[in-house]
Structures are given as structure tokens and as C-alpha cells.
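Using the sequences plus the hints, can you model the full thing?
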Amino acid sequence: MSCSRRDFLKEAVGGTLASVLPLSAFTFLSTAEAKAAIAESTLRWAFLVDTTKCVGCGLCVKACKNENEIPYDAPVTRTWVERYVVTKDGTTHIDSPMGGRDGYTSMEIDGEEIDPDDIDKAFFVPKLCNQCDNPACVQVCPVGATYQTNDGVVLVDRDWCIGCGYCIMACPYGVRFFHPVHKVADKCNFCYHRISKGMEPACVECCSFGARRLANIKDPDDPVTKIITTERVAVLKDEYGTKPHVFYLGLDANVR
Amino acid sequence: MKWHVLRPLWVAIGLIGAILVARVFLVPDDFGVHGRNFTYGYHRLGNIQEWKDFPVKYQGREACIECHDENVEALNSSTHTAVECENCHGPAIGHPDDVELLAIDTTRDLCLRCHAFLEYPNSDRAELISIVDRRHRRRKECIACHDPHDPTESTR
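Chains as they are written, first to last, in our numbering: chain P, 6 to 261; chain C, 9 to 164.
Read the hints as simulated data drawn from the structure, not as lab findings. Hints may be right or wrong, so weigh each one.
[Stated by the list, open to error] Cβ pair distances, simulated, as ranges: (1) C:D158 with P:K242: 43 to 49 Å; (2) C:I73 with P:E236: 42 to 48 Å; (3) C:L53 with P:D224: 42 to 48 Å; (4) P:G168 with C:I27: 17 to 23 Å.
[Said to hold, decoys possible] Derived pair list, reagent style DSBU-like, types lysine-lysine, alpha-carbon separation capped at 30 Å: (5) P:K242 with P:K223; (6) P:K248 with C:K60; (7) P:K223 with C:K65; (8) P:K58 with C:K65; (9) P:K58 with P:K223; (10) P:K223 with C:K60; (11) P:K202 with P:K188; (12) P:K58 with P:K93.
[Unchecked claim] Not close to chain C: a few residues of chain P, all C-beta gaps over 10 Å, as computed: (13) A17; (14) A79; (15) V90.
Cβ atoms here follow ideal geometry from the backbone N, Cα and C, with glycine treated the same way.
Here you go:
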């Protein structure tokens, strides 16, 4: 077999080019995917939590439970408020009794009275469903009872859910729970019935301090979107690759 | 192959056929891929509308002002303007058809949610006007002295 220098160079360059072509250049889109790629949605719900403004009154938790018919005294909730108290010896005291439903009215944490002089910093962190772009809870549903809408909200079909609990296990943020009345998985859906009518979610409306705000992340003129895009915001558990859409201002490293 | 070996095979094929037929009747017509792909958008389309039809409980200040404009205006010009009516009065669904439904929360516990003093540095909580529960008129309802619609005014 003979091979001239010219042929060798030709083959080498051709082969290199072929090998760097990504495999994704050859994937075929399904009809739905092609449609979604062309008709870009102009609505994608997101949320902004300003932890520096939260004072731990818990009125958001109360409102959420009333609005979404979550049994008031059951130990489950769609949103909750955590309290973090970091003391001078370096320990972080965390509590969230009944999800902070009745507010924080005493300095006592888990039966332990903490001396105010020992406290380095203390703050409250509201939590809710992150409406992830890659929701792990949806991936694991064996029956197609939970799904992502085109505006980014993850919903649960109460008629279709079999209550297997896979999604409750899969959520890295622990926002899903078993609804004690309907016997299905339940979660925060940004009050889908309210936001689709142009209203604010119940927790946003009931927050007197502006710690919770709703945004349409696809609308650059949305005042809350402007904060998310221009200020220093963080998300929870970024390393899981779920692409959460609840953004936090003033998030501390102690918050998990 | 002998017939008795084939017989269970027919049973298995019959069972699979029966399941496929039952599936046609049991799975709703609108079940399919509606979102961006099969992984995230495989669901019953009608469920989106079912969630949109979920009843709204908290009506907002705009609903209250229609009849209670005096109270809302008093609230709007007070330091309590950021507090929503329904935080104390309860969700207004069914009001005013059934007035009994709106039970006003006048308890001390409600006020303490914000006004119990927590000595937390770097937290807005410590900045709020607040009391130490056990040292300030223990067990007395706050509204006996303070007007919630205009807390700077005394009701006494």
C-alpha cells in the first residue's frame, strides 16, 4: 500500500474534522420538540426570596395552608420558614417548628435558650418548590402524574397519581409530601390557580416585608426579573444540576 | 412443538391483548406528550385546567375596598399599610354571602408573630417595634389598647 504525503495530509485533516463533529448534530427532533423549539414561550415563572427582609412571622405559611387546602394541623406544608442562629462557638442552630406556621416568637430553639450575647448572626429563610428546569421529581414518576407546564411550573395530577412516593424521595429540596386527605403527592405550584389569573401567589400577597416575589423570567421589563438578572442571587443546591428557579438574595453558606 | 406447550402461550398472548384493549378505554384521550419532551411533558392535558380552576381563597385588598373603604384608607395611611387585610381577618372566600365565615383573629399570638422581641443582630426582626412577651401586659389582648388599623393611635 502506497500513500503520498498529500493523501496522508488530506485523510488526516478529514478524519479529524469528522471526529470533532458532535453527535448532537445528527439527532432527530420529535414533532413536539420541533414545535417547542420554534414557538418559544414568552412566560417562565420564577421566584425571588429576599432573606434579608424576612422577619419570621410565618404569615406566608399560614396563608399557603389556607389557600391550598393543606390540613392546618398536619405536619406537612407546601412552603416553610427556617430559622438559622449562628453562635460564637461556630455552631448553627436550625429549627422550623410546624414549618414556622405560627411565627417565631421566642429565642428558644429546640428547647434550648440561646443567650443573645452569644449570637453572631441570625436570619430566616423561606423555602418553597424551586420549579426546577430539570425536575428530578418529574423524571422518576412512573405514571406521568407529575409534569412541567410550558410556563415552567411543575404540577401534580391528583387523579392520576398512585401515591408511590418516588417523587418525594427524588426531590433534593424536600418540598414534596404525601397529602393526608387526597392520598397523593403534593407540592407548591406557585399558586397556579392565582398566577394564571394575574394574581400573586398567596404567600407573596401575605408577605408584609417584600421578602417573597414572583417573576416572569422571560420578560426583561419585569421589575423582579431585573433584580434576578442584575443583582447577586444564589440558588439552593446548584450542584444537583436541577436548575432551580427560586432565587435567593443574601443566602448564607449555612443554608442547605 | 406439542400443543400442550403452546397452550400457555395463547393464554399469555390473550392477557396482553386484554391489557392493551383495557388501556384504550382507561387512558384518557388527552394523555400524551404536551410539554417540551417525554421526560418532563408526558401527562393528561386536562389537568392544567383543573389546577387553574382551583378556588382562590385570598381575595386581596382590592376586594375589601369595595365595601370597607374607610378601613382600607385608614390602614393605607398607617404604619401597618404593608399588612394585608386577610392576614388578620382571614381569607375572604365566601364573604360577604356568609359573614360568619370571616372570623377575625384578635389574639395576642397574631401580633407577636412580628412584635415579639428577638434580639438577632443583622436581622430586620430586631428593628421592628416589639415587646418582651412576659414583661408587657401579660395575657392581655393587644387590641384592647392598640388600634390595628392605625397602631400609633390608642384605643384606650
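For each hint, the structure was consulted:
| no. | hint | result |
| --- | --- | --- |
| 1 | C:D158 with P:K242: 43 to 49 Å | holds, 44 Å |
| 2 | C:I73 with P:E236: 42 to 48 Å | violated, 33 Å |
| 3 | C:L53 with P:D224: 42 to 48 Å | violated, 25 Å |
| 4 | P:G168 with C:I27: 17 to 23 Å | holds, 22 Å |
| 5 | P:K242 with P:K223 | holds, 23 Å |
| 6 | P:K248 with C:K60 | holds, 25 Å |
| 7 | P:K223 with C:K65 | holds, 28 Å |
| 8 | P:K58 with C:K65 | holds, 26 Å |
| 9 | P:K58 with P:K223 | holds, 25 Å |
| 10 | P:K223 with C:K60 | holds, 21 Å |
| 11 | P:K202 with P:K188 | holds, 27 Å |
| 12 | P:K58 with P:K93 | holds, 23 Å |
| 13 | A17 | holds, 39 Å |
| 14 | A79 | holds, 18 Å |
| 15 | V90 | violated, 7 Å |
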